[in-house]
Amino acid sequence: MEAMLHISTLHYLVLSAALFLLGVIGVLTRRNVVIVLMSIELILNAVNLNLVAFSRYWQGIHGPTALHGQVFAIFVITDAAAEAAVGLGILIAFFRNKETVNVDEVNLLKW
Amino acid sequence: MHAIVEYIQSYLSSDQTPGAAGNWFWATVYVLLVFVGLSIAVICMNWLERKILAHMQVRLGPMRVGPHGLLQPIADALKLLLKEDIMPAEADKAVFWVAPFIVVLAAFTVFVVVPFGPTHAITDMNIGVLFMLGVSSLAVLGIVTAGWASNSHYPLIGALRSSAQMVSYEVAMGLAVVSVILMTSLHGLGLYGVGAAGSADTGTLSMIGIVQAQLEQHEWFIFKFFPLGLIGFFIFAVAMIAETNRAPFDLPEAESELTAGFHTEYSGFRWSLFFLAEYSAMIAVSSIAVTLWLGGWLRPFPNALSGSTWDLVFSLFPGITFLFLGALCFFNAARMPKHPFFKIQTIGLAGFGAALALIGVVLFIPGVRERVGDIFWFSAKVAAFMYLYIWYRGTFPRYRFDQLMKVGWKVLLPTGFALLILTAVLGFVEPPVAAWLRGVL
Amino acid sequence: MTEPKTLSPLDLDTPDKTHLDANELVINMGPQHPATHGVLRVILRLDGEKVLGLECVIGYLHRGVEKIAENRTYTMFNPYVDRMDYVAAVSNGLGYCEAVEKLLSVEAPPRAQYIRVILTELNRIASHQLWLGTHALDIGAITPLFYTFRDREEILKIFEKYCGARLTTHAFRIGGLQYEAYDGFERDVKTFVNFVKPKIDEYEELLTTNRIWLERTKGVGVISGKDCIALGVTGPVLRASGVKWDLRKAQPYANYKNFDFEIPTGANGDTYDRYIVRMIEMRQSLRIIEQAVDGIPEGPIMAKVPKVMKPPVGEIYHSIEAPKGELGYFIVSDGSTQPYRVRVRPPSFVNLQALDLMCRGQLVADVIAVIGTLDIVLGEVDR
Amino acid sequence: MSPPVATPFFFYLLAVTMLIGGVLVVTRKNAVHCALALITTLLAQAGLYLMLYAPFVAGVQIILYAGGIMVLFLFVIMLISIERTEKERQFNKQWLIGIAAAAALGGLFIAVYTKGKALFPEGRLTYAEAGNTQALADLLYGPHSGMYMFAFEIASLLLLVAIIGAVVMAKKRI
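Read top to bottom, the protein sequences are chains A, B, C and D.
Once you know that position 100 of the first sequence is 100 in this note's numbering, the rest is easy, because the numbers rise by one and skip nothing.
Once you know that position 166 of the second sequence is 1166 in this note's numbering, the rest is easy, because the numbers rise by one and skip nothing.
Once you know that position 2 of the third sequence is 2002 in this note's numbering, the rest is easy, because the numbers rise by one and skip nothing.
Once you know that position 67 of the fourth sequence is 3067 in this note's numbering, the rest is easy, because the numbers rise by one and skip nothing.
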């Protein structure tokens, strides 16, 4: 009970791992590309949570300016924005040609 | 018992916001005050908009419910609450239900960081402006989902339009805001970011911090680096109208094209939530503008008319304003037709005037007038913005969608970038140049 | 009832696959739509927001006015024409009365002619004011509507004083007028002229140099003079395209040849030019009214027409310049008391043909501006 | 900043919200519902960032993720019709393999955490959030420790490429 009530870095790591797994399941099992992309966002967020949790842990050791984890989280968010834009762009181009949004129908190298 | 009283009183002597002081009691009171105040403001705004617009358009506006239609907003609210709440058969029930709440929540949550005075804010956040912009941008989600969930052509097009519009104007808005944040770091002492975190030379995102920076620099940011501050303010002033989907950027609800835009299928209580959200969003963006450029709670002419005498004069303004409003009510009560049919209305109007005058008298009490001065100036500045909103609506035709996008991307955005770069350059150059000038003179 | 097969290239059954993929999106605007001025239904074929083509579906306000004429005497039919273009009822009456007079070979006495001109020109101003208000409202400027309605009210008051009705006036009779101008008619008209002159400046102040108004109207709904002539488009729309054609000058009727006025023309044939042309027309109408009021002659107001009208066998086409364009009446008489056939050439109906041409390649929002600028009245389109 | 109140309560509240949101993202048929669930998750995560004294990251999370990226998602979902995809099979054929792989990964996580639990001693910290944004800015562009300046420029280049790529990809005729 004591371990449950004192929120430590490990709590955040477990949460992040659970979220990561959910994202992985989504990516591997869903057919709809949009939902697959959203699952990728879940994965990225899980990583971010990890980074920020560790950043806090690191601050406890090296002082308040040890914010490298948060800087990384910001970079990951930037990356997620780029990924979403390009991914959805591809999705639109794909949908225009094939009229489907299912990943398992992307089985041609050209059409 | 004593401990509780002490806890409650502990905040009063502090010079912090209740959130920063960690005083839960006062934080709750402030939340309630802001909520109630905002609702009253929306009601007043509703009545004022109809009356002012009507007088601009050579008509009278509401005149039937109460004297000069004063009770009209209440009657409207009652009507909306009692009205049947229609849910289209093909609508996505859950999303349709939740969408208005997203919009309202986004519009109200913003007020957590709005500073009505140096201590009159629910809390002060390190990321105040960012928080405000972020939370107000969440309203787009509600609008998009509302349009989609209605499962109908016009709401969908309206929703797509408004989301495209809000997202594109957010960029220009952000640039104008960033230029102000740069200005906060300029005390004429050092360069950006030089020195440790939290030192006097670094800028701030906190809403209270921004106003305090204006206080310390003895300059509202609208006048800073003339005309850069003015241009930034102008960009923001245009973008905020587009953000709140008001005329002349009210394409998402363009009546002549899309009937009512994203909320075409909404009725009754849920429609009134959209209405509430629209008006509180207007107040929210106006208060950002006031905080960032117009010195927030600071009284006008702090430099030209400084000194304790002028402080006293300006602290009388709240009371005078309320007395004036009360006198206006009495004047109109005297002008009421003398027919017995209008007796109740006349008495009501006079009573309302008496209540306003009483408030005005209370505001003259020395202890009170020092405490409400900042709230009054803040509200007065926001009210001026509200008037601008109404004025625009009465004057301008509506932009076409491509023209709207053109204004956003081809005019405001490049101007915003130029503004940002020029502010940075001037901030870099000004201190040494000023020092040199001082040496020369 | 089965829907008749559409003859146009617009196939209503185009599968609306998706918003993204479909090259064409078919949207139905109207008949219940706030910006279609009544019950016009427009089927829009869109590529995104761009209009690829459109088709007008009309007939929702069809009352069979032309058929009714065949079962009414010439005199009895007179009030019916007011119900076509109900915002310019006086003009409609003038056209019909003059056509029947021509058929009967009588002419209204000069005093009647003058009063007719005054009332018709007043009506032209009223019609343009209503047009301006609703057109501006469609483009999003709400205030001009109230200004124009305030001033139009003064015209309607004059009508009411003259003949008792405000909208469907039935002001004229075949052969002249039924009512003598009331006492103070001249004074009222003069007061109105002086009242409305600064008001027109007021409208222009709100719109003419307004940036947003310019952006919304310049280059929108352009139509060339050649196309106008090919489609039979008349009125301010034609004149804004640079063709100086006004029946008041080209085929003077009533006694317009006695008055000095100018025909405004535009150069580009866009919505802005049409707006400017109509604004100038209002001022020119005021000029005509001023001249007419000053020159009303004394004399009878009714020519000698038989109580029971039996025009000789024959046919007649007579057209006048209504506020919206050429309003023509083609009447075939078989010598009986009732016309054999009445065919109306309504300007709105003919002008509406140009909508497709004017909207192609424009955006959806422009369709509303163009419908507004064509100044159609559905009562006249459907008859 | 006063010490946080009821930390465990808020942690578990936000954690449960996040997990429910995540499960809904993976299981819902309707893409719009998925997007709304994801937004809930993201907002709850912003709350967790606040609890971790990372207000700036929380702000960025709200403004960029919830206000920007998710709007983009919703926009695209509305552009492509989803009525048809809702009636189709939702999971692909190798869903069993996928879940097995995820389970294996989960096993790995559990193994790592149980083994390495001792490696995470909690560094207790009670410090004000006030300087967070400034400290981050210092790391990103500050003259003293701006060690991420180059990475920042690369990220902006990445964004530029993404913008151009998205436009090229999505535009029918360039």
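One should not assume that every hint holds.
[What the hints assert, rightly or not] Cross-link-like lysine to aspartate or glutamate pairs, in silico, DMTMM-like; alpha carbons within 20 Å at most:
{"hint": "1", "chain 1": "D", "residue 1": "3171", "chain 2": "C", "residue 2": "2049"}
{"hint": "2", "chain 1": "C", "residue 1": "2218", "chain 2": "B", "residue 2": "1430"}
{"hint": "3", "chain 1": "C", "residue 1": "2257", "chain 2": "C", "residue 2": "2215"}
{"hint": "4", "chain 1": "C", "residue 1": "2190", "chain 2": "C", "residue 2": "2049"}
{"hint": "5", "chain 1": "D", "residue 1": "3171", "chain 2": "B", "residue 2": "1370"}
[Claimed, not checked] Negatives, chain C to chain B, calculated, CB over 12 Å:
{"hint": "6", "residue": "2033"}
{"hint": "7", "residue": "2049"}
{"hint": "8", "residue": "2168"}
{"hint": "9", "residue": "2300"}
{"hint": "10", "residue": "2334"}
{"hint": "11", "residue": "2365"}
[Unchecked claim] Just some of the chain B residues that point at chain C, by a computed CB distance under 8 Å:
{"hint": "12", "residue": "1006"}
{"hint": "13", "residue": "1055"}
{"hint": "14", "residue": "1059"}
{"hint": "15", "residue": "1060"}
{"hint": "16", "residue": "1064"}
{"hint": "17", "residue": "1151"}
{"hint": "18", "residue": "1153"}
{"hint": "19", "residue": "1267"}
{"hint": "20", "residue": "1334"}
{"hint": "21", "residue": "1335"}
{"hint": "22", "residue": "1352"}
{"hint": "23", "residue": "1355"}
{"hint": "24", "residue": "1394"}
{"hint": "25", "residue": "1396"}
{"hint": "26", "residue": "1397"}
{"hint": "27", "residue": "1401"}
Please keep in mind that the hints were generated in silico from the structure rather than gathered at the bench.
The C-beta atom is built at its ideal place from N, Cα and C for all residues, glycine as well.
We went through each hint and held it up to the structure:
Between residue 3171/D and residue 2049/C the CA atoms are separated by roughly 15 Å; this keeps the pair inside 20 Å, and the hint holds. Only pairs whose Cα atoms come within 20 Å are accepted, and residue 2218/C paired with residue 1430/B is rejected, the gap being roughly 45 Å. Simply put, residue 2257/C and residue 2215/C have alpha-carbon atoms about 39 Å apart, too far for the 20 Å limit, and the pair is violated. With a C-alpha separation of about 48 Å, the suggested pair residue 2190/C and residue 2049/C falls outside the 20 Å cut-off, and the hint is violated.
Restraint check for residue 3171/D and residue 1370/B: not satisfied, since their Cα atoms lie roughly 60 Å apart, outside the 20 Å limit. At the 12 Å boundary, the C-beta of residue 2033/C falls inside the reach of chain B, the nearest C-beta of that chain being 8 Å off. In this structure residue 2049/C is not separated from chain B by more than 12 Å, as the shortest Cβ-Cβ distance comes to only about 6 Å. Against chain B, the non-interface label of residue 2168/C holds: every CB pair exceeds 12 Å, the least being about 26 Å.
Distance to chain B confirms residue 2300/C as a non-interface residue, since its nearest Cβ pair spans about 42 Å, more than 12 Å. The Cβ of residue 2334/C lies farther than 12 Å from every Cβ of chain B, with a closest approach of about 47 Å, so its non-interface assignment holds. Chain B draws residue 2365/C into its interface by the beta-carbon criterion, the shortest separation being 5 Å against a cut-off of 12 Å. Nearest Cβ of chain C to the Cβ of residue 1006/B: about 57 Å, over the 8 Å cut. The hint is violated.
Because the closest C-beta pair between residue 1055/B and chain C is about 11 Å apart, greater than 8 Å, the hint is violated. The beta carbon of residue 1059/B comes within 6 Å of a beta carbon in chain C, closer than 8 Å, and the hint placing it at the interface holds. Interface hint status for residue 1060/B: violated, as the beta-carbon distance to the closest one in chain C is roughly 11 Å, over 8 Å. Because the smallest distance between the Cβ of residue 1064/B and any Cβ of chain C comes to about 19 Å, over 8 Å, the interface hint for this residue is violated.
At a threshold of 8 Å, the smallest CB-CB gap from residue 1151/B to chain C is about 13 Å, leaving the interface hint violated. Checking residue 1153/B against chain C: minimum C-beta separation of about 7 Å stays under 8 Å; hint holds. Given the 8 Å rule on beta carbons, the hint for residue 1267/B is violated: about 17 Å separates it from the nearest Cβ of chain C. Checking residue 1334/B against chain C by beta carbon gives a least distance of about 28 Å; that is not within 8 Å, so the hint is violated.
Of the supplied interface hints, the one on residue 1335/B is violated, with its beta-carbon coming no nearer than about 23 Å to a beta-carbon of chain C, more than 8 Å. Annotation: interface hint on residue 1352/B violated; nearest CB of chain C at approximately 28 Å, more than 8 Å. With 8 Å as the threshold, the beta carbon of residue 1355/B stays out of range of chain C, its nearest partner Cβ sitting at about 33 Å, so the hint is violated. The restraint placing residue 1394/B at the interface with chain C holds, with a minimum CB-CB distance near 5 Å, inside the 8 Å limit.
Checking residue 1396/B against chain C by beta carbon gives a least distance of about 6 Å; that is within 8 Å, so the hint holds. At a threshold of 8 Å, the smallest CB-CB gap from residue 1397/B to chain C is about 4 Å, leaving the interface hint in force. With its C-beta approaching chain C no nearer than about 6 Å, residue 1401/B sits inside the 8 Å limit, and its interface hint holds.
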